[in-house]
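Sequences and hints are given; from them, build the entire structure.
4 protein chains.
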Amino acid sequence: MIALQELTEELVTANHVLAHERVVDSFGHVSARHPEKPDRYLLSRARAPQLAEIGDIMEFTLDGKVVGAEPGKPYSERFIHGAIYEARPDVMAAVHNHSPNVVPFTVTKQKMRPIMHMCGPIGSEIPNWDIRNKFGDTNLLVTSMEMGRDFAKTLGPHTVALMRGHGSTVVGRSVREVVFTSVYMELNAEMLIKALAMGEVTYLSDGEIAAITKGRAGFTFERGWENWCHRVGRPFIPRDKTMGEGFSKTDT
Amino acid sequence: MIALQELTEELVTANHVLAHERVVDSFGHVSARHPEKPDRYLLSRARAPQLAEIGDIMEFTLDGKVVGAEPGKPYSERFIHGAIYEARPDVMAAVHNHSPNVVPFTVTKQKMRPIMHMCGPIGSEIPNWDIRNKFGDTNLLVTSMEMGRDFAKTLGPHTVALMRGHGSTVVGRSVREVVFTSVYMELNAEMLIKALAMGEVTYLSDGEIAAITKGRAGFTFERGWENWCHRVGRPFIPRDKTMGEGFSKTDT
Amino acid sequence: MIALQELTEELVTANHVLAHERVVDSFGHVSARHPEKPDRYLLSRARAPQLAEIGDIMEFTLDGKVVGAEPGKPYSERFIHGAIYEARPDVMAAVHNHSPNVVPFTVTKQKMRPIMHMCGPIGSEIPNWDIRNKFGDTNLLVTSMEMGRDFAKTLGPHTVALMRGHGSTVVGRSVREVVFTSVYMELNAEMLIKALAMGEVTYLSDGEIAAITKGRAGFTFERGWENWCHRVGRPFIPRDKTMGEGFSKTDT
Amino acid sequence: MIALQELTEELVTANHVLAHERVVDSFGHVSARHPEKPDRYLLSRARAPQLAEIGDIMEFTLDGKVVGAEPGKPYSERFIHGAIYEARPDVMAAVHNHSPNVVPFTVTKQKMRPIMHMCGPIGSEIPNWDIRNKFGDTNLLVTSMEMGRDFAKTLGPHTVALMRGHGSTVVGRSVREVVFTSVYMELNAEMLIKALAMGEVTYLSDGEIAAITKGRAGFTFERGWENWCHRVGRPFIPRDKTMGEGFSKTDT
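Protein chains in written order, with my numbering: chain G, 1 to 252; chain S, 1 to 252; chain H, 1 to 252; chain B, 1 to 252.
To be clear, the hints were calculated from the coordinates, so they are not data collected in a lab.
Errors might be hidden in some of the hints.
[What the hints assert, rightly or not] In silico EDC-like cross-links for lysine to aspartate or glutamate, where the CA-CA straight-line distance does not exceed 20 Å: (1) G:K214 with G:D240; (2) G:K111 with S:E226; (3) S:K241 with G:E70; (4) G:K73 with S:E200; (5) H:K73 with H:E53; (6) S:K109 with H:E53.
[Said to hold, decoys possible] Distance windows between CB atoms, simulated: (7) B:G199 with G:N133: 33 to 43 Å; (8) B:S124 with H:I54: 16 to 26 Å; (9) S:S124 with G:K111: 23 to 33 Å; (10) B:E36 with H:K37: 53 to 63 Å; (11) S:K153 with G:K111: 38 to 48 Å; (12) S:V201 with B:P89: 14 to 24 Å; (13) G:G199 with S:K153: 38 to 48 Å; (14) S:G136 with H:K109: 25 to 35 Å; (15) S:E70 with G:G68: 49 to 59 Å; (16) S:P38 with G:K111: 50 to 60 Å.
Here a beta-carbon is modelled for each residue, glycine too, at the ideal position from N, C-alpha and C.
Shown next, in the form of structure tokens:
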């Protein structure tokens, strides 16, 4: 299990990486479940991710109450995170974003689906949550547990759910995984828009998505993480480079 | 009320931010109404926004006459600003730009409308002013009060008006607000072009736009402003972080 | 008349600016007619424009023979420049480029025409030269005076001519002008591709193009030039800021 | 023949250049055949190309066994390289990549073909290998010699083969050549997508592609290489600037 201090540092790095890779701009956020207290999560105070520092990371109860130090106002949309951690014991980290190539898919009938192996784990079925269905005309922000839970219901067992006219939220089993999925979701969207303009598209099959998802582990995540740490000038703390199940036919 | 010196510094920052965020290139300009004399406005001398300095900020009467120091030639299109301040007492700042993803909307029948919550305040009805309608074949520049007033008439009570074959002008109640709206207008245009290529688009509803606009205040503006100041290496002067009316269902 | 040394410095700056603004990459070149000897022109040795230095600038006769120092191999396509200076006494500078948004227009029937005032001077009629028409299957390079003259014939009195499967060449009355036109041609192409995807496009009228072209002078060029010099870290030597004929209805 | 140490340095530079020019991101790799032992090849350990250092370059037998120092885990897809060196004695270097504008062509029926002279050598016939045809649902990675050989069979005598839902692999007679081809393949794809959106496209003819390919030699490669070395801060070691056969009608 990752120690609290190490996770906090990793969360700061994740903030900077997501900003650098254009998954978030001045808005969007990334959280992690508390490594020792599963009913708590860690999230920066309301601040542009690129600027988040260690002292900005706050602790919250699942229903969004601040625990301990409060270096500033919390994100008004923290309920997205809490509701997901409540509904999904498997989720250890989440990214809420306005990833610019993904947003167009939230406002059209065109489905976002993976076309390239790096992007496979976003899954073949990506729901699109419309806040208007239950809450009518709002400012589209998820600012209560009721709203967060409604979103979590749409997310269900999936890795990503779109949010109409807003963006998306991605979940994972670790900070590195969720950042990885988010970066490649944005790339998949960018490439898919171009592919769709050229005619019928061959998507990854369900079997391929399953094989990719099963085989994606430390060996893959570390490669991206080291590179991204370097780009944003954050220390790279190596971790396990295990290959996932069935990743290679030759190596172990 | 913001002091003159602070506003002048903020205007310089706004120039740099707009250049960095690709709202303006070597051309385009941002002005603010004088904080003490409502019949005056502040605007850089004719210079690429990225290069504007404190000593470049000039004071003008609403009809575009220089008051006081004249560190260089004024912008030939300053009449856009004066005519708007004359017609719209609510407007405290304005950005004239050639935002590259917005220009295509000025020369096609396709309407620019907001598809994403951050961009809502550009409004659902964005007029497109064609200088040719009244002035025939020109170099498209707004170089007299007559032209500026004609544009201001088309702008009417709106937040943005496009200018055919030219760009657009955005207005707001503060420098931070008008910069914010301009940055997200460009992003909206970029994303909308992609969405339109994929089929029918669901725009924000009028009720959503109203809710977003009402709720957008310091809590939102400060987040972007701090980030942009950091990116262009300008000091960030914190200001009030009030949430707008109805912004959150939980926090105040 | 600009002195030889100043022009040589300006040519180096132009090389760096065109690379920074993505008009040229490792290839493409910019030349100037010799300020004292109209039958000579100045052009860097064959080198990526971003790297061109004072010592790289060579002098050529109009038919492409080296005069004086030869710091390295000359560009194999210098005949584009010589043939234009031979045919067009009004031309004082030329940019040959593979501007990436312009290339698509060289291989489709879709005409490139200006949609935005800054880009007006590329003109409403832009010919597309196909080397294959006269020379059959080649490597598409203009490597002889015969080829250069054939291109110059297609260019005729225009400001730009496209080159099928290759790029384009832009001409002007000064280095600053030709760089300006080249940068805004690339922007026009980028924006036009997006506009065309959204439906019927309103182009600038011939009257507008004429008014813009007549009014474009030092006041406009200096704004871009100062900004670009700053971006590439080259000294900015101010020159005359005269407004062109009919530029403003108010200022002079 | 290039010495081993010089080639190793060049390979490190190639890694950095490909990352800078967006041919590879955290993934993808470039190899070179051993200059003295044709049944060996050189390839970095599994690491983001931007970070590859001299000490990361490993030596492999053609069937992917490590020879000598093992500074870390090898790339799981090294079999792409080995199988190509085995099947193609003419190949001295290879780039496997997920070049983002190329991927859309791997999942649509739209053929990628060169439209611009710099890109001609990718060839008029570019096969698209689908791993699923022989191996069914996999994670799409080429992780055994059997898979590598199947890919090499599809590549055949070509310079590039696409890999469905994955990327492509480019081969060449030197590191500089293969990097050059890879950079301009990405550019060709970017421009072709835009051209296709505007109507029927005129591709380079087979005769033109042949002429370009024959004429492309040191004079061309050195121009790009010097520029790219400069951009990534790596030393530029000049090599021969010979013009290829028929490159110029005037110069030699």
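For each hint, the structure was consulted:
With a C-alpha separation of about 16 Å, the suggested pairing of G:K214 with G:D240 holds against the 20 Å cut-off. Distance hint between G:K111 and S:E226 is unfulfilled; the C-alpha atoms sit about 35 Å from each other, more than 20 Å. Distance hint between S:K241 and G:E70 is fulfilled; the C-alpha atoms sit about 15 Å from each other, no more than 20 Å. Of the pairs offered as hints, the one joining G:K73 and S:E200 is violated, with about 39 Å between alpha carbons and a cut-off of 20 Å exceeded.
A hinted pair counts as satisfied when its Cα atoms are at most 20 Å apart, and H:K73 with H:E53 qualifies at roughly 14 Å. Straight-line distance between C-alpha atoms of S:K109 and H:E53 comes to about 47 Å, which puts the hinted pair past the 20 Å bound. At about 41 Å, the beta-carbon gap between B:G199 and G:N133 stays in the expected band of 33 to 43 Å. Between B:S124 and H:I54 the CB atoms are about 43 Å apart, so this pair departs from the stated range of 16 to 26 Å.
For S:S124 paired with G:K111, a C-beta distance near 27 Å keeps the hint of 23 to 33 Å intact. Range check, B:E36 to H:K37: Cβ separation about 54 Å, and the 53 to 63 Å hint holds. Range check, S:K153 to G:K111: about 44 Å between beta-carbon atoms, so the 38 to 48 Å window is met. Look at S:V201 against B:P89: about 54 Å separates their beta carbons, and that is not inside 14 to 24 Å.
In this structure the hint that G:G199 and S:K153 lie 38 to 48 Å apart at CB holds, the actual value being about 46 Å. Under the hint 25 to 35 Å, the C-beta atoms of S:G136 and H:K109, about 31 Å apart, fit the expected range. A hinted range of 49 to 59 Å holds for the C-beta pair S:E70 and G:G68, which are about 56 Å apart. Taking the beta carbon of each, S:P38 and G:K111 are about 53 Å apart, inside 50 to 60 Å as hinted.
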